[in-house]
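Chains as they are written, first to last, in my numbering: chain C, 506 to 815; chain D, 506 to 815; chain Y, 35 to 312; chain A, 35 to 312.
Think about it this way: if two alpha-carbon atoms lie no more than 30 Å apart in a straight line, the pair counts; the simulated DSBU-like pairs of lysine-lysine are:
id, chain 1, residue 1, chain 2, residue 2
1, C, K811, C, K511
2, C, K811, C, K745
3, Y, K285, D, K811
4, D, K745, D, K811
5, A, K285, C, K811
6, D, K511, D, K811
The calculated label-pair distances, taken between Cβ atoms and stated as ranges, are:
id, chain 1, residue 1, chain 2, residue 2, range
7, Y, A180, D, A801, 51 to 61 Å
8, C, E540, Y, G190, 41 to 51 Å
9, D, R712, C, K745, 21 to 31 Å
10, D, R547, A, G114, 28 to 38 Å
11, Y, T78, A, Q46, 12 to 22 Å
12, C, R654, Y, K111, 51 to 61 Å
13, Y, G126, C, H798, 28 to 38 Å
14, Y, G126, D, R712, 30 to 40 Å
15, C, K745, D, G812, 42 to 52 Å
16, D, R712, C, G509, 22 to 32 Å
17, Y, V112, A, G276, 35 to 45 Å
18, A, S121, Y, R286, 44 to 54 Å
These aren't lab readings, by the way, just hints derived from the structure by calculation. Yeah, the Cβ is synthetic: ideal placement off N, Cα and C, and Gly gets one too.
Listed here are the chains, written in short residue letters.
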Amino acid sequence: MSAGVKLEVAVGGGLTLRNPVLTASGTFGYGLEFEPYLDLNRLGGVVVKGISPRPRAGNPPPRLVETPSGMLNAIGLQNVGVDRFLEEKLPALRERGVATVVNVYGQCEEDLLHVVEKLAPESGVAAVELNLSCPNVKEGGLELGRSPRAIESITRDARAITRQPLWVKLTPNVSSIAETALAAEAGGADAVSLINTLVGMVIDVERRRPVLHRGSGGLSGPAIRPVAIAMVHQVYRAVKIPIVGMGGIVNARDVVEFLLAGARAVQVGTANFNDPGVAMRIVGDLAAWCAAHGIADVNELVGAVKGNQA
Amino acid sequence: MSAGVKLEVAVGGGLTLRNPVLTASGTFGYGLEFEPYLDLNRLGGVVVKGISPRPRAGNPPPRLVETPSGMLNAIGLQNVGVDRFLEEKLPALRERGVATVVNVYGQCEEDLLHVVEKLAPESGVAAVELNLSCPNVKEGGLELGRSPRAIESITRDARAITRQPLWVKLTPNVSSIAETALAAEAGGADAVSLINTLVGMVIDVERRRPVLHRGSGGLSGPAIRPVAIAMVHQVYRAVKIPIVGMGGIVNARDVVEFLLAGARAVQVGTANFNDPGVAMRIVGDLAAWCAAHGIADVNELVGAVKGNQA
Amino acid sequence: MPYNLTAAVERQEDLGAGYHLLTLAAPEIAREIRAGQFVMIGLTDIDQMLIRRPFSVALVSPGPDGGEPASIGLLYKVIGRGTTLFSRLQPGDRLALLGPLGRGFWLPDPALEAGGGDETELLLVAGGIGNAIFPLLLQELGPRAARTTLFFGGRGRADLTLLDWFEAHAGRVVTATEDGSHGQRGFVTAPLAAHLDADPGRRRLVMACGPHAMLRAVAELCLARGVPCQVAMEETMACGFGVCLGCVVEKREPESDFDRFVRVCTEGPVFDAREIVL
Amino acid sequence: MPYNLTAAVERQEDLGAGYHLLTLAAPEIAREIRAGQFVMIGLTDIDQMLIRRPFSVALVSPGPDGGEPASIGLLYKVIGRGTTLFSRLQPGDRLALLGPLGRGFWLPDPALEAGGGDETELLLVAGGIGNAIFPLLLQELGPRAARTTLFFGGRGRADLTLLDWFEAHAGRVVTATEDGSHGQRGFVTAPLAAHLDADPGRRRLVMACGPHAMLRAVAELCLARGVPCQVAMEETMACGFGVCLGCVVEKREPESDFDRFVRVCTEGPVFDAREIVL
Ligand SMILES: Cc1cc2nc3c(=O)[nH]c(=O)nc-3n(C[C@H](O)[C@H](O)[C@H](O)COP(=O)(O)OP(=O)(O)OC[C@H]3O[C@@H](n4cnc5c(N)ncnc54)[C@H](O)[C@@H]3O)c2cc1C
Ligand SMILES: Cc1cc2nc3c(=O)[nH]c(=O)nc-3n(C[C@H](O)[C@H](O)[C@H](O)COP(=O)(O)OP(=O)(O)OC[C@H]3O[C@@H](n4cnc5c(N)ncnc54)[C@H](O)[C@@H]3O)c2cc1C
Ligand SMILES: Cc1cc2nc3c(=O)[nH]c(=O)nc-3n(C[C@H](O)[C@H](O)[C@H](O)COP(=O)(O)O)c2cc1C
Ligand SMILES: Cc1cc2nc3c(=O)[nH]c(=O)nc-3n(C[C@H](O)[C@H](O)[C@H](O)COP(=O)(O)O)c2cc1C
Ligand code: FES
Ligand code: FES
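If we strip away everything but chain C, and leave its shape as in the complex, we get:
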């Protein structure tokens, strides 16, 4: 770590991370799988795979396909469920002292709140990140996360049952992410994290079928980085709460780009698959980049982009 550069960032709800680099949900397992490749304690934090009330088997394969500078996934939120998570995974993470953000998924609102409630009394939960990709039955079945009204109401409900820092993860598949971010803020979120994956599809032209068994999937990786940067910047101009940015980060330059756009912290996702040591290397490179650019405190970069803002 480059001596003298302050990397700590405050991301709302009283949570301070030792540096702005976390790993994204669904791309870092439960964290422990990465111990052969890096020191978890060198990371700003770890966001675990989305946790649902009951274990989920996920979708049949194929679940993945490479796309130009990206990938599509339709894992189907395979996870051990909240009970096993609390028994097996959280204690190990707590023991290691790594800032653990728990990504929460439910097939309906009650499910989601059930997990939040189970997590609420636990120590070692740095923050709860709500993944609102479940269908919004009340409003015609589109994802919950596409409706500002639904976001505000579920955030408020979650806020009422936990004192843990509460992050709302925003989908990019909306007409105005500033609106959904404002809804999360109004509902009492301590931070918003963005972006989740874009909906995409690849068709195998020989078989005349989608490559993914489920049909469509979520697009991630460098292909979506320009979209993510634009959205972080839009949200930065709309809300007052901290932003956790992600989408296509592969190196320290990309982290700086997100910070300049307005993110207080970032998450590294798909790149972890390419190189399980990448997140820790990025932390080191970020410190070195700051030092080389005469930046004493990484917070100086947050939202510091100048010029036209359209």
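Please build the complex by placing chains D, Y and A with the ligands on the supplied structure of chain C, with the hints as guidance.
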């Protein structure tokens, strides 16, 4: 052209194209610039640069930046204006007998309808394609094309003043493209074309400024192809009118992918910059692909994707 | 524990018909890798390749001074974008490399392998590039390799890469090609079935690697005859070390609803044919 | 009319410090290209490179049997992803190539070039890799090249690529480096200004290529002294043939609001310094 494969496609409003491969607005000039590289008459059609009521100078540079498997542009709709278009460009295109689709842009609804009106009496306009990326002042300044209500109303207005086939070009920056497509259909569009570019931004971390002078721009190229395929497929399941698909097409395989997803015709965009002869080569390769796969009529492919449709 | 490193290309041999043998300097992996395990390889520049590609280690070889294994050989076929890029690599170029990964083949319980004559007969079945998994197995088997039989199928003679090597190292090689250009015409499962039926009482273990349809046919043959069978599976992988959950295959007898899938990269790639749905 | 073709790499020469000279077999282009024009080059695989890159043609050379120009030489500096990929190309590899493109330099009105002694003095100004545009100009000038002066600036000696070639082909070469490792220390505009001021009455034409800041300084020097000046501009290009409208620069005196910008790829890359805002 592979003997025997029927390539003609009917794209609504009585318009039949000699094959499904057009070129996308803003990526093919006024068509004539490509004559050194290909035979315009071999294409299904040409969509010209967005035409506005008056000439537009466009944005100051930089206007472009490469991104992973894509590019961002903020040209600012530089164009000669409808009068010079009708005087200088349309007659030359008409003379060549190439199916010419005129992309129409206005800074407000009146502007847009003004251009539609000027085009209405002209022969040699195969179709009018409405680009609804102007701000929707009535609904808070978001792009017109993001509001189903605004789309339906302007489509209806345009419908009332022209008998030329009317296409509505849809933006992907919406919560539900099925809804905006349905709005266009309800307003009387003969076809919908999609997708326009995704909003994106790249920041130069050394200068701490967006690379593009305007700040954000439109993302195009192979990076967005999975998003485009998913959207074409969603729209195919929602509307009855033909779909003209685009987004990241670089070869005949990609064209087949769009047809299978539900497009009746396609537009080749960014790839024209890489190789000005690409669109014509794709036409030939598409015919050869059909022949090699025992497909007698390219229409057999339209919407023929099977399997899970999520 | 897998190593995450960059390795230099030592050799790139073009074997014709799109097959290549790529030798990388990777002593740590060469020493620890076991037959059936694999590595993920990628270009060092992530902008050129976001997702690494999985490859079996075909061979290990000692360093210039002999002694301990120091290099790994990957036998691969050019399929798409990734393998095309790999095929352009020159000696001295560097690759990103993660391995050894996964669970390889396992040999019969030593307790069963009592006296001389009673040894389990090892039958290897390769379809096309599936042969890439077997040189390392034969290397590991040592003297026992000479008592194995390799059933080796391909579309034509050109797909039977390293055939000379196998003829020198396996006890016997039985070939079958779809176009009849080498060995019996047809699928390799025909001579395999004939062999299994010729001496049905014999204790055997079949180890198979190749296209999915071949694995399914081999597994059916074996299961029908009660012959133990290990199959090396392929599924699209993003990580190779168990976290993306992309590479799953279906279990034959899940214990619970949650337990429906297993990961090829971690629980496999080699599975007992009875474990999974083929 | 530009040719749209693929061309084979004949040679890739590493000139050190990140500079390369790439020679391509492209007889059509070699015969027609004029100094200051450029080509767009790309990999043949669009998946590896979506947007082609613009490069001046530095040199043309005849085929093996002498005679007509058959190859073009591109002198380039490794900057980012594209040039890194180009630097790995080997003889025999193929590239996608479009050209000749744009408007090159133009020589003084022949009517002005009356008798011997009255010839316009041609002053070439190169900053760093901007020198790439001048060998072709000197080739075109023929015997007149010996009466030109090249002002050649760079950060250090390593940036003065092909210096020996220029010393052999231009009349005189005046160098300046920021670190003082060759010629005068500082910017190349200092010796240029001194030269212009030494004999202010002389009829001259300055032709400049290099970083934007250098072009601006050169143009100011010239405009202040009424010396005609041609500048070769760079702007990000997607197409190179006038259709993407990405590569514009601002006109100094637009005739109308609509006319504010000109395209570097079509109206340039060489502009009269009076035409555009620098
Ligand atoms: C455990 C394992 C071991 C393997 N060992 C070998 C080997 O020794 N030799 C060899 O030639 N091949 C082997 N393969 C297959 C090899 O990984 C693919 O041929 C290769 O990934 C193709 O990459 P591509 O970019 O050229 O093809 P593309 O089709 O362009 O690849 C697109 C994507 O699909 C994936 N993919 C394509 N084919 C396969 C496949 N058959 N299995 C899994 N993913 C695939 C790629 O990894 C990539 O992510 C192995 C696969 C697995 C899972
Ligand atoms: C008309 C013209 C002639 C040129 N001639 C030469 C030459 O003879 N030799 C030489 O070394 N360079 C020349 N350049 C600059 C050269 O095009 C860039 O250095 C090169 O494109 C960098 O590509 P990259 O992928 O390595 O860099 P990256 O920075 O990765 O490129 C990213 C994008 O920015 C563009 N870009 C980057 N730098 C420049 C630049 N200076 N000008 C325009 N676009 C840029 C690239 O084309 C690409 O689209 C010329 C530029 C122009 C416009
Ligand atoms: C395989 C995979 C699984 C994912 N699973 C989850 C998940 O369980 N919950 C969630 O909120 N996001 C999930 N995501 C989204 C990522 O957390 C992240 O938002 C997205 O991938 C963009 O970042 P990236 O481009 O760096 O990968 C997943 C992404 C991938 C690639
Ligand atoms: C430089 C550029 C200019 C464009 N100008 C227009 C335009 O004037 N009107 C319009 O409707 N779309 C415009 N587009 C969008 C394209 O027509 C197309 O919808 C988009 O680029 C997706 O296709 P592609 O990925 O094949 O390029 C432009 C795209 C580019 C890259
Ligand atoms: S490849 Fe990622 S879990 Fe197996
Ligand atoms: S580069 Fe496209 S118009 Fe100049």
